[in-house]
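Trainee: Taken in order, these protein sequences are the chains called L and H. Per the working numbering, the first sequence starts with residue 71, numbered consecutively. Per the working numbering, the second sequence starts with residue 615, numbered consecutively.
Bear in mind the hints are in silico, worked out from the structure with no lab data behind them. Ideal Cβ placement from N, Cα and C applies to all residues, glycine included. Hints may be right or wrong, so weigh each one.
Not the full set, but computed from the structure, chain H residues with beta-carbon under 10 Å of chain L [stated by the list, open to error]: (1) I630; (2) N673; (3) L691; (4) F718; (5) N721; (6) D730; (7) A754; (8) Q826; (9) S869; (10) G872; (11) V875; (12) W876.
Letter by letter, the chains look like this.
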Amino acid sequence: MFENVSRRQFLQASGALVAGLGLAGCGGGSDTGTASDGGDASSIKVGVMGPYSGDVAQYGLACRNGAQLYFKQINADGGVNGKQIELSVQDEKGDATEALNVYNKMVEDGVSAIVGDVTSKPTIAVAQASVADNMPCVTPSATTADVISFGDNYFRACITDPFQGKVMADFAAKQGYKTVATIYNSQGDYETGVNGAFVEQAAANGITLTSEQGYAQGATDFNAQLTAIMSDNPEAVLSPNYYQDTGKIITQARQLGYKGVFLGADGWANIVGSDQDYASPEDLEGCFYDSSFVASNDDERVKKFVEDYKAEYDEDPTNFCALGYDAAMIVAAGLKAAEEEGAEAGSDDYRQAVIDAIAAGTVEGVTGSISYKGTGDPAKSTLIITFKDGAEEIFDTISA
Amino acid sequence: MTFLMQILNGLQLGSIYALVALGYTMVYGIILLLNFAHGDIIMVGGYLSWIVMARLGLNPALAVLLSVVGCMLLGVLIDKIAYAPLREAPRLSILITAIGVSYFLENGAQLVFGADAKVVPAFGDFGTVSVGGANLSVTALIIVAVTIVSTVVLTFLVQKTKFGKAMRAVSEDMGAARLMGINVNNTISFTFAVGSALAGIGAVLYCMAYPQVSPTMGIMLGTKAFVAAVLGGIGSIPGAVIGGFVVGFAEVGASALGLSVWQDAVVFLLLIIVLVVRPTGLLGRPMTEKV
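Full structure from sequences and hints, please.
Mentor: Right, dumping it as structure tokens:
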């Protein structure tokens, strides 16, 4: 008896819930109807997507915070062409299918451009889908080569894996290293991308590659690979891995008595400083990595960004926060050009105008000066960061 | 020179596996339980070291003490809460409980400490020593030495002491041991205490060699140590040690030959081969059907 009642109650409750959702859905539908007709004349809709929950949420949240900060600032300054930017922020949980759902929802909502996606796999899914709509999209952080290869509408704010490998190989040559070795996660797209380009460019620069050691994702013991590397005693070792692995690699190499230089890429960001040191500052002394952003940069633009970010979120911005900010800046520059052209918001012409403006323009971002030379890959400057007396400092700036 | 260093790498890795495998073997030997939470006890030990040194900034010696004692108490506590009530239950129930305890510890650690890895500070500045032209890591030498000493002490404990005699009696026949006046529950608790203390030592050595701890670090470590215990013949103390070194050398050998990506596969392949050729493991006693 009791069970029956509760089941009936359950059915009633769920019926009411479904009806409620249905109504809400209808409400949303009629709303988008007006939006795709041009929307509220005083606002421009922009989508921001990324993983805000799940394994890679830290990257998504950082990019989102950066993007939101920029749009907030531009709205406070009077918006774009007098129109306020209205954000549609959506979580895709780091999943390619969810990312597609989110993308479709944004298109229905009538967004004029999108900041996103954040990690490479979901971004590829969105990039493929967005070609049909010719939707202008700027990913803050997806570094895999494919992302920009599907259509002319996709751009990225970050530098690519192969570019970083090349930059570090040129830097190694500039430092006069004659012999180098590499140790990398051979199951990671990012790590193999940087490593491959480094090896190729190092050979072109006349550097001898003494050893190339791959390891499996999740490995903790690198002694065997490091011992093999050390048998040739190279002047430098490239570890293009994320900071947790690199921390272990450098600590173990020093335990084995290796005294040479370690080189890395932007995955090293956070290796020291945040709340703990993944390798001790003494072990890192004199090592180098490339990155497009460091909070301690003296550049006026960066200083202001760091101040504003701290005021808004009460923490130091990371590389991803800065890239989110720059991606928003690139999108806003495109919107401004389209508005000035007088295109009708939501139309094909409007989207094309945004894309053309991004492709032709140059944006002075906090991660460097960004311009696109016929592709969605930015030509931008890169910083070489070194460790001195336990602190990170800029060693060199490589211009595009 | 490189060869000598690789031998030491194999000894270092093998030592850690051996210590962990000893814990598996002892518990299995006495109550026929594959204690899948064993790897996670090591994780807890790692976090204890981290708390003492990184959070409280205390002496590394205290970290060692707290890790070993903490793991020992945790092992006994897990037995009392999770396994003891199921002493008479079918083997499968207690095995499932062990898996549950393992998940509980992993997720608990994730809740308390967060999902990212924490860095354990160095226990000391050991450097390297030069032996015959090779620079050998002192950390590795310490790890190997501690493992050898632990194994000798454990063997003495099991073979020569009264508690050891009780343990052997319980593992032989629990019912008969009880009839002979042996307190079976105390003996089992003692076994868990010793096995988990070894896990604590393993945790300290792990943190010395690979100074990061994360909530899931016990999974692969536990699995490899389990493989080592089965390879050596589960239930056998010298078998666990030999199995640990075999797994350690297999991994280092694979990496040294440029097959690092395949090192897990090499270990499991080795296990399959041994199980096919010698189902009871290298030093296991042949199974006899009781009639």
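Trainee: Taking 10 Å as the limit, does the beta-carbon of H:Q826 come near enough to a beta-carbon in chain L?
Mentor: holds, 6 Å
Trainee: Min Cβ distance, H:G872 to chain L: is it shorter than 10 Å?
Mentor: holds, 8 Å
Trainee: Would the stated hint for H:N673 survive a check requiring a Cβ distance to chain L of less than 10 Å?
Mentor: violated, 18 Å
Trainee: Does the nearest C-beta of chain L fall within a distance shorter than 10 Å of the C-beta of H:D730?
Mentor: Status holds, d = 8 Å.
Trainee: So, as I understand it, the hint says H:L691 touches chain L; can you test that by seeing if any CB pair is closer than 10 Å?
Mentor: Because about 27 Å separates H:L691 from the closest Cβ in chain L, which is outside the 10 Å limit, the hint is violated.
Trainee: Hold the hint about H:F718 up to the distance rule: shortest CB distance to chain L must be less than 10 Å.
Mentor: Check failed: Cβ of H:F718 comes no nearer than 21 Å to chain L, outside 10 Å.
Trainee: Holds or violated: is there a CB of chain L closer than 10 Å to the CB of H:W876?
Mentor: The hint holds - H:W876 has a Cβ within 10 Å of chain L, the shortest such distance being about 8 Å.
Trainee: If you take the shortest Cβ to Cβ gap from H:V875 to chain L, is it below 10 Å?
Mentor: Cβ of H:V875 sits 5 Å from chain L, so the hint holds.
Trainee: Going by Cβ atoms only, is H:N721 closer than 10 Å to chain L?
Mentor: Hint on H:N721: violated, closest Cβ of chain L at ~15 Å, above 10 Å.
Trainee: Can the hint on H:I630 be confirmed by a CB-to-CB distance to chain L that is less than 10 Å?
Mentor: holds, 9 Å
Trainee: Next item in the hint list is H:S869. Is there a CB on chain L closer than 10 Å to its CB?
Mentor: holds, 3 Å
Trainee: Going by Cβ atoms only, is H:A754 closer than 10 Å to chain L?
Mentor: Because about 8 Å separates H:A754 from the closest Cβ in chain L, which is inside the 10 Å limit, the hint holds.
The structure fails hints 2, 3, 4, 5 (numbered hints given earlier, in ascending order).
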